[in-house]
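Residue numbers (the working numbering), protein chains in the order written: chain A, 1 to 457; chain B, 1 to 457.
Not one of these hints is a red herring.
No more than 30 Å apart at the CA atoms, straight line, and that leaves these computed lysine-lysine pairs for DSS-like: (1) A:LYS354 with A:LYS422; (2) B:LYS209 with A:LYS209; (3) A:LYS422 with B:LYS209; (4) B:LYS326 with B:LYS422; (5) A:LYS209 with B:LYS422; (6) B:LYS333 with B:LYS422; (7) A:LYS326 with A:LYS422; (8) B:LYS263 with B:LYS333; (9) A:LYS333 with A:LYS422.
Derived from the structure by calculation, the hints contain no laboratory data.
There are 2 protein chains.
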Amino acid sequence: MSIESAVERLKAQFGDRCATSDAMRNQYASNEAHHASAPPDAILFPTSTDEVRQIVELCNAARCPIIAQGAGTSLEGHTVPVRGGISLDMSRMNAVLAVHTEDMDAVVQPGVTRRQLNEDLRATGLFFPVDPGADASMGGMAATRASGTNAVRYGTMRECVMACEAVLADGRIIRAGSRARKSSAGYDLCKLLVGSEGTLGIMTELTVKLFGQPEAVSSAVCGFETIEGAVDAVIATIQMGIPVARIEFLDELQLRAVNAYSKLDLPERPTLFLEFHGSEAGVEEQAARFGEIAADHGGLGFNWATLEEDRNRLWRARHDAYYGVKAMWPGRKGYITDSCVPISKLAEAILETKAEVAESGLIAPMVGHVGDGNFHLAIMIDTDDPAEVAAAERLSHSIAERSLRLGGTVTGEHGVGMGKIKYMEAEHGAGYGVMAEIKRTLDPNNILNPGKLVSLN
Amino acid sequence: MSIESAVERLKAQFGDRCATSDAMRNQYASNEAHHASAPPDAILFPTSTDEVRQIVELCNAARCPIIAQGAGTSLEGHTVPVRGGISLDMSRMNAVLAVHTEDMDAVVQPGVTRRQLNEDLRATGLFFPVDPGADASMGGMAATRASGTNAVRYGTMRECVMACEAVLADGRIIRAGSRARKSSAGYDLCKLLVGSEGTLGIMTELTVKLFGQPEAVSSAVCGFETIEGAVDAVIATIQMGIPVARIEFLDELQLRAVNAYSKLDLPERPTLFLEFHGSEAGVEEQAARFGEIAADHGGLGFNWATLEEDRNRLWRARHDAYYGVKAMWPGRKGYITDSCVPISKLAEAILETKAEVAESGLIAPMVGHVGDGNFHLAIMIDTDDPAEVAAAERLSHSIAERSLRLGGTVTGEHGVGMGKIKYMEAEHGAGYGVMAEIKRTLDPNNILNPGKLVSLN
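Model the full structure from these sequences, guided by the hints.
Next comes the structure, spelled out in structure tokens:
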């Protein structure tokens, strides 16, 4: 069967849930970042696991690529249909299927977004902590092993996805993991699927850990005289075991964009956004201990956000950091880096990166989930200026190499997609070949998001 | 090449580090639990990754089974050479290679035992939390995805192994994971190897998370009027989010064995062993909150162990629980069950199990890492009494079925080995076939611990 006839059959079966107009195809051709674009042959909107199975079986028979996507907010070109085929938009599978308050877990369809889930949980006293900048879908977050500002305390999707259902390339439906808090029952297929970027299977259901809303929450912003001071304060905080819920770094340029976009007036200097969770006494104790550390490292005093609405405004501003950057430099595309290193190397990694940014002349504000050793540049490029694009590529390459040299990873939370595939051999050595073997075994026709994550050559 | 000639070549190369005497072969034929025994053809004692590679390459050429083992304390017959071949005793690869205090991780060889690592860490203010009953090896613990009393707070080997080096069946050496706290760089091969029980590769190095010694520690024992009361107190504690470091259940029969073996005189009733970690104030707060919960559920008051030596004595007694049982019923073999269910189902699981034990007339003390929903029976059987063996099998089977029915797993922490292989299809459905496909891909000649975990038929 040809791809054309597969699309025709899907059109007949799914009607207007199978879109083939140029306008729609263009919409699914690219995503938020700078990567090359390519349109799918069709966009499908399944509403059940069984529909996903039918679509996958047909695509497998037709050797037709199939690229699942959620909110389409990934930053490494994961959802670009580089070889055409079907874009599988999971956004209509967006039901919260069960909330087990007594076990602190929830079962969701992949199209549920993180904000939607937390809205649903509001009355339960529980929350789901993983929070990438965008209001991403749970399926997309699982597929890219996403994290965000809370990971330093609550873990990433790696830790928070307990179980999943997935449709494999041959149409088999598997359930991996369970609602038990731990298990030694065989290979951890759930953790294998989390982070596989739609290349091994299409997740159709997720069981995720929830956490109790802390009794007390306290948020603060603290500016520093120098970047070194801010970063060293973070390192000391982690090494002293203060259980911060969030500890985020923003440089002076990022602060300017945040101020403009979110209508804040924070001093434009190296800054940490912090949050403490615990009992009333526990939060006070954490804040006091951090206060001492900050004072030792050139901290310039705290702005506390004690009211819930002030806290929400602050963190919304942090989450909108990238949108702020895009608004400040309209017409430019973001080339986003994603270094993560052991915490002892964080100051070295950040300072060398800042020096390279200064030298390059590029516009590149920095934010970081620094408690995890993870930081990003949003290099804002004029894609029509080859010299600028080349400079951004050099800078990004240098950051990736430094991450590996310092014992870290080229991607802390954004994933491999198209953008990081060239570093996988360097990061994983012989293990990268093992990934390809697993891919070939589970998807012999290479229909699941081909051209991403693994190299089959 | 035949297995015999492979053994001859290994003998020539390794000299007295290749043992073939009957006495030695018998020693490696069985392990702590009730499973059938079978001797290896030879026992090898490698001292480096490269030696492991050489042995594996030779075994692969000769189609010779190779069964890695650490301390030999597994409970599901993992290390029994059911098809002969080479027992690979990793105990001489027992160096702590690096302790990165500033990053709170350590790099160890697989033969390092958990107590050895913690001895090594004593001066650093850090500790490694995963603590199965036995003084197991780190490699064995990683291979079985072990946990223990601290998992409710600090996680299991799944969470605590950040990276590993492994020799694959064809002799390739891979490094999976990194020292960065998080990563989205491709398939999580590290988590795939953790829990793979030596069937996908032989781990030759592990990087593990360490944690800061808590500023304050407080341990207590609390007896309860009824089992229901004890279990309900646990459930309430977890649901209220009290960050207990340890919360362990022992039934009255287990208490009797502990008292006798460890020379304690605790009242022989359903009992919780607890530990709180935190700041001085935090520990006091946790203890007070738990005290209220216990009072509400028929708790009969606390015995506090405030001195470090008293605490160590208490937890040593808990860790020696199984040895206490073996000493109290000498000549019998332990048939150990390992149910883990969602916490909301724990009371149901435990009470039904206790009722079945009473009905069966078997000797079967119960212990449990109840904060994780995990509990064990040590059914002490006379292996020469077929009726008793059959009754134990029926009881064990009923527990496994109940675990699945309640949304849990047939093995919370002991692994699959020989004992649980018959439940894998029921627990994983189509996913079990995927495990077999991965096994065939990475070990096409089925030399790595054949007959364990996966079924290749």
